[in-house]
Amino acid sequence: MPTIEVNGKSYETDEEGYLVNLADWNEDIANHIAKVENVDMSQSHWEVVNFLRKYYDEYQIAPAVRVLTKAIGKQLGPEKGNSQYLYELFPYGPAKQACKIAGLPKPTGCV
Amino acid sequence: MTEGVAKKFMFVNRTAPYGTIYALESLEVVLISAAFDQDVSLVFVDDGVWQLKKGQQTKGIETKNFSPTYRALEGYDVEKLYVERESLESRGLTEDDLLVDVNVLSSSELGELMAEQDVVLSF
Amino acid sequence: MLHIVNKSPQERPSLDACLRIAESGSILLIEDAVYAAVKGSASAGKLAEAAKKHRIYVLLPDVEARAIADRLVDGVTGIDYGGFVDLVADHRACQSWL
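Protein chains in written order, with the numbering used here: chain A, 1 to 111; chain B, 1 to 123; chain C, 1 to 98.
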């Protein structure tokens, strides 16, 4: 299984780079994955990543993009709850990139 | 996705959550199919009602507790959840034991609802 | 004899067969069979009756997973995996009512 090295420790990922063990996650790992993805983590990026982690903690799934967008809109306001905003932060898609940085599995139903 | 007339889809859940994989598989199919904008109903009958029991703690059996995911269904616009009254009663359960809001129907009401469906998927 | 049942009483007749045939000894309910010990359920009466001639055990991790720890009928004993091993070791033979 592939691994990533962060702070001298190695962590298992799947073939696409998603962390295998949710519990492994920390901010350094997030920054590491973000760098690989060419995402420069700003406050706004962290807001989405933390939102995803909270969502997962509550519902035990990574949300589909449509569901994430709606949930963010509800909680953080309509200026953030739209796909344009989310795709500007994560050009390859909030599901593909934000979930990966958040240490979550790929969203169910995401192909 | 091609635009079309929304069909009525019903998922019939009749198995307890952890003894077999059916309950989890059903939930995953529901989440995936939620993207297709159809008219989706979930039905819980027989041991399927156990899927919705409040308070599941799966650490001891080292299995993922997927019961919180039923509460995410609303966000996926899956809001029609039906439970058969007879199934609850024969298990000593009431609506208060369930972790999501459901419509409790009698067997015959459920039968009518089932007869209206275009597609029925059984788990 | 230790009788092990792992199917829900409302899905398969495994428990019924066990109760019909088992003469004495212990009955251990695991996996979906733990639903048989739920107070107010269709099988609660059967189980109370069986408790008169058998010692009845339920596997607690399975009970907790299914959120029924607070509603077990009287007269059943909860055990953990270690207790499961002890039970098997303490009985000459096991029958699994699959």
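FYI, nobody ran anything at the bench for these hints, they're computed from the structure. What you are looking at is a predicted structure, and each value in this text was computed from that prediction instead of being measured. Glycine is no exception: its CB is placed at the ideal position from the N, C-alpha and C atoms. Warning: the hint list may mix true and false statements.
As the list claims (entries may be wrong) - On the chain C side, residues computed to face chain B include the following (Cβ under 8 Å):
| # | residue |
| --- | --- |
| 1 | Ala22 |
| 2 | Gly25 |
| 3 | Glu31 |
| 4 | Gly45 |
| 5 | Ala65 |
| 6 | Arg66 |
| 7 | Ala67 |
Hints, verified against the model:
The criterion of a C-beta within 8 Å of any C-beta in chain B is not met by C/Ala22, whose closest approach is roughly 21 Å, and the hint is violated. About 24 Å separates the beta-carbon of C/Gly25 from the nearest beta-carbon of chain B, more than 8 Å, and the hint is not met. Satisfaction of the interface hint for C/Glu31 is found here, the shortest Cβ-Cβ separation to chain B being roughly 5 Å, below the 8 Å cut-off. For C/Gly45, the suggested interface contact is broken, since its CB lies about 11 Å from the closest CB of chain B, more than 8 Å.
The closest approach between the C-beta of C/Ala65 and any C-beta of chain B is roughly 4 Å, which is under the 8 Å cut-off, so the hint is satisfied. Because the closest C-beta pair between C/Arg66 and chain B is about 6 Å apart, less than 8 Å, the hint holds. This hint holds: C/Ala67 has a C-beta 4 Å from the nearest C-beta of chain B, less than the 8 Å allowed.
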